[in-house]
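Using the sequences plus the hints, can you model the full thing?
There are 2 protein chains.
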Amino acid sequence: MQQMTLADFTRELSGNAPVPGGGGAAALCGALAAALSSMVASLTVGKKKYEAVREDMDALIRDAGRLRKEFLSLIDEDAEAFKPLAAAYRLPHWTEEEKAARRNEMEQALRRAAESPLRILEKTREAMALVREAAGKGSVIAVSDAGCAAAILEAAARCAALNVTVNTRLMEDQETAGGLERRSQEILSECQAESESIYLSVGSFLQRNQ
Amino acid sequence: MQQMTLADFTRELSGNAPVPGGGGAAALCGALAAALSSMVASLTVGKKKYEAVREDMDALIRDAGRLRKEFLSLIDEDAEAFKPLAAAYRLPHWTEEEKAARRNEMEQALRRAAESPLRILEKTREAMALVREAAGKGSVIAVSDAGCAAAILEAAARCAALNVTVNTRLMEDQETAGGLERRSQEILSECQAESESIYLSVGSFLQRNQ
Chain A
1 MQQMTLADFT
11 RELSGNAPVP
21 GGGGAAALCG
31 ALAAALSSMV
41 ASLTVGKKKY
51 EAVREDMDAL
61 IRDAGRLRKE
71 FLSLIDEDAE
81 AFKPLAAAYR
91 LPHWTEEEKA
101 ARRNEMEQAL
111 RRAAESPLRI
121 LEKTREAMAL
131 VREAAGKGSV
141 IAVSDAGCAA
151 AILEAAARCA
161 ALNVTVNTRL
171 MEDQETAGGL
181 ERRSQEILSE
191 CQAESESIYL
201 SVGSFLQRNQ
Chain B
1 MQQMTLADFT
11 RELSGNAPVP
21 GGGGAAALCG
31 ALAAALSSMV
41 ASLTVGKKKY
51 EAVREDMDAL
61 IRDAGRLRKE
71 FLSLIDEDAE
81 AFKPLAAAYR
91 LPHWTEEEKA
101 ARRNEMEQAL
111 RRAAESPLRI
121 LEKTREAMAL
131 VREAAGKGSV
141 IAVSDAGCAA
151 AILEAAARCA
161 ALNVTVNTRL
171 MEDQETAGGL
181 ERRSQEILSE
191 CQAESESIYL
201 SVGSFLQRNQ
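One line per chain: the protein sequences are A and B, in this order.
Here full-length UniProt numbering is used: the first residue of the first sequence is 1, the next is one more, and so on.
Here full-length UniProt numbering is used: the first residue of the second sequence is 1, the next is one more, and so on.
Treat the hints as calculated values from the structure; they're not laboratory data.
Here are the simulated lysine-lysine pairs, DSS-like style, with alpha carbons at most 27 Å apart:
no.	chain 1	residue 1	chain 2	residue 2
1	B	K99	A	K49
2	A	K83	A	K69
3	B	K49	B	K137
4	B	K49	A	K83
5	A	K137	A	K47
6	A	K48	A	K137
7	A	K49	A	K137
8	A	K83	B	K48
9	B	K47	A	K99
10	B	K137	B	K69
11	A	K99	B	K49
12	B	K99	A	K47
13	B	K83	A	K47
14	A	K99	A	K83
15	A	K69	B	K69
16	B	K83	A	K49
17	B	K137	B	K48
18	A	K137	A	K69
19	A	K48	B	K99
20	B	K47	A	K83
21	A	K48	B	K83
22	B	K48	A	K99
23	B	K47	B	K137
Some chain A residues near chain B, calculated using beta-carbon distances under 7 Å:
no.	residue
24	T5
25	T10
26	L13
27	N16
28	A25
29	M39
30	L43
31	R68
32	G147
33	A151
34	I152
35	R169
36	L206
Which chain B residues stay away from chain A? Per the calculated CB distances, all over 10 Å, these:
no.	residue
37	R90
38	E126
39	E175
Please read all numbers here as calculations on a predicted model, not as lab measurements.
Backbone N, C-alpha and C fix where the C-beta goes; we use that ideal spot for every residue, glycine too.
Below you can see the structure in the form of structure tokens.
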């Protein structure tokens, strides 16, 4: 879906197809945040004042570029992960045997559908480290873009976490569901704390340096 | 820029051009959130169980579609609003007269550059009312998408507010700057409170309804 235009993707998102949905939007937000941290680094390299962080910024541009592409691929992966679930919903469930078979398919499909947003969350945590670095070492002329990256990345994490829950809550295997859910909430808490800290430091920097 | 692909737009955002930047990303987040609230309504209309809210959902789809398009246009408007500022920065400033003329141009340009993210904030508040309605009246099968819309819209508001500050803080006319800043912080607070309330209600709904 990364070859869709912004107009077409958002139009597609508006409709009644179950995907793209919140998971795809989360992945796109991840790509936007990765891009914004790369932007900060790109506005920093080559400036005399920031010669000392040149190598860090070059590495940041490389890592952010990789993450941006991975997030874009996750838009499609998230849509793919929904297919087995949609197929399982359509299975016949008249007889007891059919019901059991469908239940089994659903369970596998729900797990797969929960694992996809969990991968988005893991990438979000990875990207947050880049945003932290962009905010801390990048040029002050781009510091607001680092703050934006933090806010958008937090939204990506919150969307992804909701999309984990929406699947785990329907699973019968409480142990597996609980494990996925705990992992999701753990990463979400970490990302939220980190994002708030970055956003606040950017805000207070802007207020201080008139 | 709405005719750019997701891959191209995020690549462009990654580079060292000052626009698109945090303001454009904010507007795109607004479009994503408007699209997600339309998605909730689209998954609700035509369902017997939700016959009573049919008209509300039809209106929501219309309003969200309009806002989605307005947000997409704001990506370009935000980039346009930066041009006079870039031009003012390049003005000669050797003589006292040149300095005064440049200072005057800068002041006008900063104001215009602050007003653009303020418009994004105003649209964000408008969109938040739709997200509230989608979360409250929409089909429970899409409730997580309403939660995602709330989180992404909050990020849009936070990004836009940073982009107001980044301009007002450089203005000399403290009264005008203060007025823009107060208005921005007011709308931001409102959007954040509303978003948190919607996100929490969606989360607790999902936990409750296993």
